[in-house]
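Trainee: From first to last, the protein sequence lines stand for chains B and Z. So the first sequence is residues 0 to 301, counted in numbering that gives the first Met the number 0. So the second sequence is residues 0 to 477, counted in numbering that gives the first Met the number 0.
Treat the hints with care, since some could be wrong.
[Said to hold, decoys possible] Selected chain B positions facing chain Z (in silico; Cβ < 10 angstroms): (1) 4; (2) 249; (3) 268; (4) 271.
[What the hints assert, rightly or not] Chain B is nowhere near these chain Z residues, computed Cβ spacing over 10 angstroms in every case: (5) 51; (6) 168; (7) 204; (8) 205; (9) 207; (10) 264; (11) 287; (12) 324; (13) 347; (14) 422; (15) 451.
Treat the hints as calculated values from the structure; they're not laboratory data. C-beta atoms are modelled at their ideal positions from N, C-alpha and C, and glycine is treated no differently.
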Amino acid sequence: MRHGKYPFVIGFLFLPVTLYVVFVIAPYAQAFQISMTNWRGLSAPQWVGFDNFRRLFDDDNFWKAVQHHGVLLLALPLITIAIALFFSFLLNVGGKSSGGQRQGVWGSKFYRVVFFFPQVLAVAIIAVLFQMVYRPNESGLINGVLMKLGFDPVLFLVRPNLALWSIIGVLVWQAVGFYVVLFSAGMASIPGEIYEAAEVDGATRVTLFFRVTLPLLWDTLQVAWVYLGIAAFDAFAIVSVLSVDGGGPDGATTVLAMEIYRNAFVYSKYGYASAMGVALFFLTLTFAALTLRLTKRESVEY
Amino acid sequence: MSITPDNPADLSRRTVLRRAAAVGLLATPAAGLLSACATSGGDEKNEQVEGGTKSATNPLGVAEDAPIEVVIFNGGYGEKYATDVHQPLYKKAFPKAEVKHQSTQAVSTVLQPRFASGNPPEFVNNSGEKLMDFGALVADGQLQDLTELWDAPSVDDPNKKVRDTVVPGTVDVGSFNGKPYVLYYVSTVFGIWYSGKLFKDNGWAPAKDWSEFTALLDKIKAKGITPYGYAGANAAYYQWNVILTHAAKIGGTDVLKNIDNLEDGAWQQDAVKQAAEAWAEIGAKYVDKSFEGLKHTDVQLRQNQYKLAFYPSGDWLEGEQKKDTPAGFDYQLMPVPSLSASDKLPATALRATAGEGYFVSAKSKNPKGGLEYMRQMLSVAGAKGFTEVVKAPTVVTAGSEGFAFPPGVASSQAALKAAGQDVFNIYFDGWYKELDTEVRTATNELMFGRIKADAFAERIQKRADAIKKDSSITKFKR
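When you get a sec, could you build the whole thing from the sequences and use the hints?
Mentor: This is the structure in C-alpha cells:
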C-alpha cells in the first residue's frame, strides 16, 4: 500500500514549498544581503560588511523608533486587551441570567456589530478619518466641540508628549473590535455550569470575571498578546498618514517601518534601510519567542 | 526640488510593500536566488539607437524615426502642457518619431524599478513629493550630460546657443559639480504672500524692514487675523526657506554658499543664528500653534478665507490655489524684510531660481531624442505654450514677453526685476535630502517654540557634519 506514497507527498509539497521559498525565504535572505551593502536603488551595490549596523547604533531616530516600539509593546496589548475583555464580558456574561443561562447586557448583539466596525475599514481610511478627529483647529471633531465650549484646542498630534498617545489611541480603537469577537468566542466555549455553580456560591460579577472567565480564557489571551505585539511592531500606515511631518514632531511618533520607508524611498539608502529591516526582523522574532515562553502555563481542563 | 507637496494620502503599508516588490526586494526570480538578485540590474546595457545625421534642423543628430518616452509629473502644473504643446512640437519636427506619453503623481514608484532594471524612459519630469533623488541619480551615472543641449543652436535662431536663450543661472541650477544634468524649466520666485485686497481694505502696506514688519504684524493681530503662518505638517521647508533667505540678506550670499558646500560651522554663522532668532520670535508671537498640525493646503485655504495675513511660498502658490481663491483676492509678493540697516543685501533681494526639474536618462534607448525634446521645450513656441497653459513663466527669456500674468505672478516678476543682481538660490535640499529633512524638523521645533536659535543651529550642524563624513553620500560643490 505504500507504493507511490512519496511521489504523492512530494507532488503536494513541491508547489507550496517552492512558492514559500521564492516569495518569503528568498526576499528575507536578500534583505540580509542588501543590508550589508550601500545600495542606493540604482546600480550594483558595494559590499560594506557591518557598516550599516554600526551606523544604526549612532542613529538617534533608530533608537527613538525602538523606544516607541517598547511603549507600543506595553501599551497597545494592555489597553486593547483590557478594553476588549471588559466589553466581551459585558456582551456575553455581564447581564442577567435567564433560565440558568448567562446573557450579555441589553442590546449586546447590536454592540457586537458596532465594535467590529473599525476592523472592516482599511487602515489608511482610519488614519484619514482620525486626521479629521484630531485636527488642531475648529474644524476638528474633538477640538471643534472643545472650542465651542470655550476651551483651548488640544494639539493631539503636535505636542510631542501627546502625539504618540494619540496614535496609540487610534491603534487601540481599531483593534478592540477584533479582540472583542475573539474573546467572545473564547467565552462562549466556557461551560455555563461553571458560572452557575459560582453564582450559587454567591460570586459577584467581579469575582466571576477574575476567578472564572480570565483563567479559562488564558490561551486566547496569549494569542491576542502575540498578535497585538506584532501589530505594535508595525503601526506604519497610521503613523505615516496621521503624524506631523512623517513620524514627527521631531521623531516623537516615529516607528521602525517609518524610518525604513524614509531611508529607502526618500534618501534612496536601500542598504541602510535593509539593515533596519533586519533589526526589526530580529526584534519581532525575539518578542514572539519571549512571549510564548513567558506566558507558558498549564491550560485549565474543563 | 520638490515644489508643491502633493497629497500623501494613500500611503498604506501595502503601497510600501508593492514598491519594495517593485525595486526587487520581493520579486526575486526563483533560480539562483541571491546571485541573480535584483540589485545587479542597473548594470545591464540598454541597446541604444543609432544617431541620425546632423543638420540645421537636427543639430543633435537624432534618429528621426526613433520613439521617445516622456514621463510627466501630474502635479501643480498638470500634464496638459506636455500633451498639447511640447509633444506636438516634437512630432512636428520629427513626424516619423513616436512620442509615448505617461503621467504619474508618484515618479519614484513608477520609475525606480525601471532604472533598477536598466530600462528607463528617455525624458522625465522628476518632481512632486515622490521625486527620485537627483543626487543619487547623478552619482549613479543615470543622467545624461546636458552640455550638448546647452551648446546646440536654438530652434528659433540658429546663430544663438540654447544656453543664451534662457535666464542666467539656469544651467548652474541644474549642474552637479559643474556638469549640467537637470533642466529646471519654470522660473520661480520665493517670498511672503499676502492678499492685495485685504491689505488695501485695511490700509496696510507691505513691510521693508524688521520694525515695520513687527509693527504691521501687531496691527494685523489686533484685527483678529493670524498675522503669519506656514504648515508644519508637511511644508516646513517653506519656512526654512524664509529663514535662510533672511540669513543671506543679513550676511551676504556666502552664508548660503557655505551651507551648500557643507563648510564647517556653516549653520552656526552669525547670520543664520540672527535670522533664526528673529523668526523664532515671530513664531512665538504671531503664529497659530495649530498650524503645526496642518497641511499646506489647509493653511493656504485659511489665507484665502482672510483668516491669515502672511504666508511664505513660491510663486506657484497662485496657480495652486486658483480654485479656492475668492474673486478680487489679488495675491501679492513681499520679499523677506531686512533685519537692520547693517544687512549686506538690500531689502529687495530675494531667492529666485528655476524650478521643476526635467532630465534625460543616459541609459535610455534614445537619449538624443530626450535632448531634442528639451530643445523643443526651450524654443519660444514651447515656452509660450507652457506659459499659456499653466500661467507660469519659464526660463526662456523670450517666452513670456507680452504675456499678461495674473496679479500674483505679475508681482513676483516685478519683485524679481526690482531685485536686479541681488538674486540668490539655495541648493542643499536637492543635494542632500537627509539634511533637508533635518532642517524641516528643526524649523518646526524653532518656530513652535521648543528650541532656541542656538540649538537650532547646533542640531542642523551636527547632521551636516555627519553627512560630510559619510563616504557613501556623493558630495556637491558650487
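Trainee: Kindly indicate which numbered hints from before are broken by the structure, ordering the numbers from low to high.
Mentor: 1, 11
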